[in-house]
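**Q** Chains as they are written, first to last, in the working numbering: chain G, 16 to 376; chain S, 16 to 376; chain Z, 16 to 376; chain R, 16 to 376.
Warning: the hint list may mix true and false statements.
You can't tell identical chains apart in this list, so a pair holds if it fits in one copy or across any two.
What the hints assert, rightly or not - In silico SDA-like links for lysine to any residue, alpha-carbon gap of 25 Å or less: (1) LYS166 / GLY35; (2) LYS64 / THR311; (3) LYS64 / GLY180; (4) LYS64 / GLY117; (5) LYS19 / GLU134; (6) LYS166 / LYS346; (7) LYS19 / PHE150; (8) LYS346 / ASP68; (9) LYS166 / SER353; (10) LYS64 / SER343; (11) LYS19 / TRP156; (12) LYS19 / ASP128; (13) LYS19 / PRO125.
To be clear, the hints were calculated from the coordinates, so they are not data collected in a lab.
There are 4 protein chains.
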Amino acid sequence: MTKKSRFLQTPIEPFVVDAGLRADELLARMERISFQGRNLATAHRIWQKMLQDDVTIFMGMAGALSAGGLRLIVAHLILHRYVDCLVSTGANLYHDLHETRGQRHYVGSPHADDAALAEDRIDRVYDTYASEEEFIANDSWIAEFAATLEKRPYTSREFLHRLGGHLWTTTGRDGILTAAYRASVPIFCPAIADSSIGMGLSQARQQASGAGYIDIIGDIVESANLIIRRPRTASVVLGGGTPKNFINQASVQAEFYSSEVGGHRYALQIVTDVPHFGGASGSSLEEAQSWGKLATDSDKVSVQADATIALPVLASALVTTCAGLLPSRRKPTFSLASRVMTIDDQTVPSDRFEEVNEPAV
Amino acid sequence: MTKKSRFLQTPIEPFVVDAGLRADELLARMERISFQGRNLATAHRIWQKMLQDDVTIFMGMAGALSAGGLRLIVAHLILHRYVDCLVSTGANLYHDLHETRGQRHYVGSPHADDAALAEDRIDRVYDTYASEEEFIANDSWIAEFAATLEKRPYTSREFLHRLGGHLWTTTGRDGILTAAYRASVPIFCPAIADSSIGMGLSQARQQASGAGYIDIIGDIVESANLIIRRPRTASVVLGGGTPKNFINQASVQAEFYSSEVGGHRYALQIVTDVPHFGGASGSSLEEAQSWGKLATDSDKVSVQADATIALPVLASALVTTCAGLLPSRRKPTFSLASRVMTIDDQTVPSDRFEEVNEPAV
Amino acid sequence: MTKKSRFLQTPIEPFVVDAGLRADELLARMERISFQGRNLATAHRIWQKMLQDDVTIFMGMAGALSAGGLRLIVAHLILHRYVDCLVSTGANLYHDLHETRGQRHYVGSPHADDAALAEDRIDRVYDTYASEEEFIANDSWIAEFAATLEKRPYTSREFLHRLGGHLWTTTGRDGILTAAYRASVPIFCPAIADSSIGMGLSQARQQASGAGYIDIIGDIVESANLIIRRPRTASVVLGGGTPKNFINQASVQAEFYSSEVGGHRYALQIVTDVPHFGGASGSSLEEAQSWGKLATDSDKVSVQADATIALPVLASALVTTCAGLLPSRRKPTFSLASRVMTIDDQTVPSDRFEEVNEPAV
Amino acid sequence: MTKKSRFLQTPIEPFVVDAGLRADELLARMERISFQGRNLATAHRIWQKMLQDDVTIFMGMAGALSAGGLRLIVAHLILHRYVDCLVSTGANLYHDLHETRGQRHYVGSPHADDAALAEDRIDRVYDTYASEEEFIANDSWIAEFAATLEKRPYTSREFLHRLGGHLWTTTGRDGILTAAYRASVPIFCPAIADSSIGMGLSQARQQASGAGYIDIIGDIVESANLIIRRPRTASVVLGGGTPKNFINQASVQAEFYSSEVGGHRYALQIVTDVPHFGGASGSSLEEAQSWGKLATDSDKVSVQADATIALPVLASALVTTCAGLLPSRRKPTFSLASRVMTIDDQTVPSDRFEEVNEPAV
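Looking at chain G on its own, in the form it has when it is part of the complex (with noise of 0.2 Å):
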């Protein structure tokens, strides 16, 4: 018999099934096969060290997840504080918002006759199907909302944590936005304009001059200074997009500005890009450590999943595994309700970063 190569160390332990696993069951014995399985079941363990570590979450959220039936999943996470910071499209919050309202997204076939749908007025989203009328109901009743507010700039934050409220006040229902608004977690929206969310706002100004004014680029500083406040991070990426680059640019920003920051301590995507055609919705984790995104030491996974099968599985195990480990949480503080938010008491601006880099001793 030869001795064994330094490659050979840790068996693929197959997947023994039985009747009655729970999804963490599920993960444990996923975690020394191969593949996306193992990579689900290792995004599971770096959650959990997560919740066990001094680090701020955020969470980032693209593809039609909440359309999709995951909406009360991130609730659920942000309500419990799973997460600390959400950073979505513009899509995700406004279908949030559409059910919250009370209305629905149905079940359809990406086999439609889409002259058909358009004929009676109803969009599709692949196999989801949703009335126009109910969504340009919902656009009236951004615009309403957002026309009375003061006439002036308003971070993405401070607008969508207004609505989440206005919409919670109104509707005592759950939701992404009224958890967030709830939990007092902050939401960022880089790219409401590309949204009808951002559409709502547009409309607003019809209605009142100088409303529906948008101070995105007040959300950089106020995403950075976040970090800048509390340096050390984590990522937890659902399908790439803005809001992944959003959060890493926030870690890159913040710095400039502090030695204390050194990239994201953890890092899970679940994504369905891919690496080899340069986009950043598919690039690996890896690469975002040459960026300094990432802490080169850091704990990270990648899984290459729909995660409307990743995130019921993984997020069924955590609230498992980990409802014991939210007590204890060393999560941040946030108070929302002004222009200028805080965390952990501290201010923090969104028309000035906090410089608080030293001289190395």
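Model the placement of chains S, Z and R on the given structure of chain G, informed by the hints.
**A** Then chains S, Z and R, alone, in the frame of chain G:
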């Protein structure tokens, strides 16, 4: 309030996360979300229907599923007769044999230094390693076994049954080949020449003139005759490749000779390939209907997911919800020990098709 | 001989290879092959039609196309008015600015040691490198420029026109921003906050209080008014992302205010994302018809390909076959130097939608 | 000015578009862009090197390339000896035979009504149609031919050479099978049982007892002996599948018997599959090095692209730049008309490996 469009019938039900959810509960809550999550839930539902109907269930298996830790799931599905006939690539059977013989695959990294691995004679499959030396020993073991067989052509089905029997006698260990042997489930391997089992067979010829003849055209005849004998079928495909097409081809071939054959009644596939490049692996189940591979009214679903995520969830749900259905399943009974196999006591020749077409009345 | 099916009308013409074939000849021979090759040939054909019709052609650009070596193609298409309006991610404009300022991106490897790159402060984009130091200098350059502007909100369109002008004055070099400036082609960047241009703007605010305000809601109004003013449009999308949706959203928004708007008349997209995960980047053009983003009788094609292969071929063919069409193109004329832009001498407000709906006769 | 990093050596050269660019000029201008465009240009460069070196060039071919309009490109590459040995799926040879026999595939739509197609007995391959009736006639034609052959096992290589000869005699038309016959280029089809050629062979057995025996294990021996006889090899793979692995396996198998074999010296693959699901089709060329399938110092490139785009461009460039290299190519010479083939006048047995290992000096 306007009248609802006929397209808006079944609302999306957002997934509600709870502690302790089992695999079957996960899938039950994914039935009315969207995208691939919904499809995976539908796959569970369709497999349940298969088990309650009177159909022969073919399972196809491509991709490195055995090396990747799924072989004992497949073995379980065979042993307990969630499926009736396996069509596999050679590699999956070879990696199964590798572990059944007591050897292991190992957890590795996709970022490995392949020159260093080559130096150590470690073979990499994405993030999984194996010892080349052990592989060479397997090849010899297969060659030696094959050299002991009577010198005549063997269908892959007959050869693999004999190989499974030899493995079971030698090791008494669970695995795909041994489960199929014990449960008298036939395995076809149409591309056996493109695998290390084929390499072992080619080395048998080196040891014993006239050894290592595989009659893969006989496999075509036999698989079609199986369907002629029992025309109602279902197809479960993991990963595309030659198994996917071979299962469909058997149905098309059978239809030439029996008017009772009309394409699979149920079909589910878990694939990562996509339709739009035209390859068979990624081809849609709709396309399969144009060929008559699938009945036009079949129950079908395609899940775009890595089997290392989808299969653990799906199989765990299945053994929870369907174990009770197995005793009353109207499943076919095979005898496989001879050159000519039987199904439900009828012979299934490999040298000529059974012609049972009758004039339409 | 049986009667031909109505489905068998146009035979596939196998591609015949010859020495010396030009890009346009390649595409001509690909018109009657299959899969994405045929789609790329169709894209050429559709773009030709756009140029001969009276439509405003929007181009969307996402993915790392500028860093990846395609910026001078896009610049050419703008300068010679193969397109009339660009919607881009910030990164593509930033990487364009980087090179226009005389700096380079570099050929790298996807297998690089990212820790070593981080050590050297080299940022990796898959197989392409850039100097972080040079990037920081760009940010400062942008900040300094932005700090010189009058302190008021700017649509991204106005800001980018001014930035392009400054670049052109300073460098006299070809690029996307300078071409758009010279050709008076508007550029919208709805997600400018998610890019290094946004980071530069945020630093402007550090230098000069009140600097760096971008009115991206104004961009929504302006882009919709563009379409209200000139309702016949076409869409060319490279890579999905926010540009793809923003172009479609402008059309949907415009439709609220003008009954003459009816979705794009032509649409072509070159994407690598797929529809079946539900994200907007990979969504099909058929789906876009359900929303009214695209006319139900539009000429359209989706090409599943990396733009670094597809665009060089397509653009080379286009400039060969269509340069002669440009002089007689009925293209819109813009003035972009002021807060309020004009199209064909009509104002395009950014603070309120032009309402031109008339009662149906 | 700071010192340049060692990583910043070769600047990206943006593609400059011009009228009239030829395929080879396109690729020359793509050599220093990024992502898959650069890879396609590199593929051209590597193939040029192969043609100037003393290597046997294997080409693998999977996916519906023949139906999809690429068969005459492959035929050209064979006839003019840009490649020396083809390994193909059965479907590609079958669809080639279909057209060489004077029948056609047809332009179709991926959105077809498959039930209507089934009604008309039209078989769909994504966006391409064919007549089932004509397919059935092909099967019979193959069966009849196979039934005329002496009753003994044939390697797929021998059978396909005879089939190509029969096709050439019968039709005199260009195609893959006829080009290979005329140029004495061997074709291996390890998964012939998974194709309509296999179905035709199975029907031959119905007509004539003892007909239709294919010795695919003999193909393994023969392909390895080819490499033992001429150990320097190169691999060009279109689309993964069984051909990709069979070409690699031949090299690995040959290495057992000859110490001169050391993996392919050059490798290029054009694939759409990805590595991260673990399947062989998408596996990286780096991974192949761990197995010794590829020399660790080989010249290699992977192009992620649909072959219907990549191959027309690449082959058109190749015939422009490399036709002049062909007369002086040191290519192998085959005789294929007998049971035992020869290479450069040496026999290539199919019943035992040539053992030429020598003790290392």
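**Q** Now tell me if each hint is right for this structure.
**A** Hint check:
no.: 1; hint: LYS166 / GLY35; result: neither (57 Å within a copy, 48 Å between copies)
no.: 2; hint: LYS64 / THR311; result: within (17 Å within a copy, 38 Å between copies)
no.: 3; hint: LYS64 / GLY180; result: neither (32 Å within a copy, 46 Å between copies)
no.: 4; hint: LYS64 / GLY117; result: neither (37 Å within a copy, 34 Å between copies)
no.: 5; hint: LYS19 / GLU134; result: between (67 Å within a copy, 13 Å between copies)
no.: 6; hint: LYS166 / LYS346; result: neither (33 Å within a copy, 38 Å between copies)
no.: 7; hint: LYS19 / PHE150; result: between (63 Å within a copy, 14 Å between copies)
no.: 8; hint: LYS346 / ASP68; result: within (9 Å within a copy, 53 Å between copies)
no.: 9; hint: LYS166 / SER353; result: both (14 Å within a copy, 23 Å between copies)
no.: 10; hint: LYS64 / SER343; result: within (13 Å within a copy, 47 Å between copies)
no.: 11; hint: LYS19 / TRP156; result: between (67 Å within a copy, 21 Å between copies)
no.: 12; hint: LYS19 / ASP128; result: between (60 Å within a copy, 17 Å between copies)
no.: 13; hint: LYS19 / PRO125; result: between (51 Å within a copy, 20 Å between copies)
This entry does not satisfy hints 1, 3, 4, 6, going by the numbered hints stated previously.
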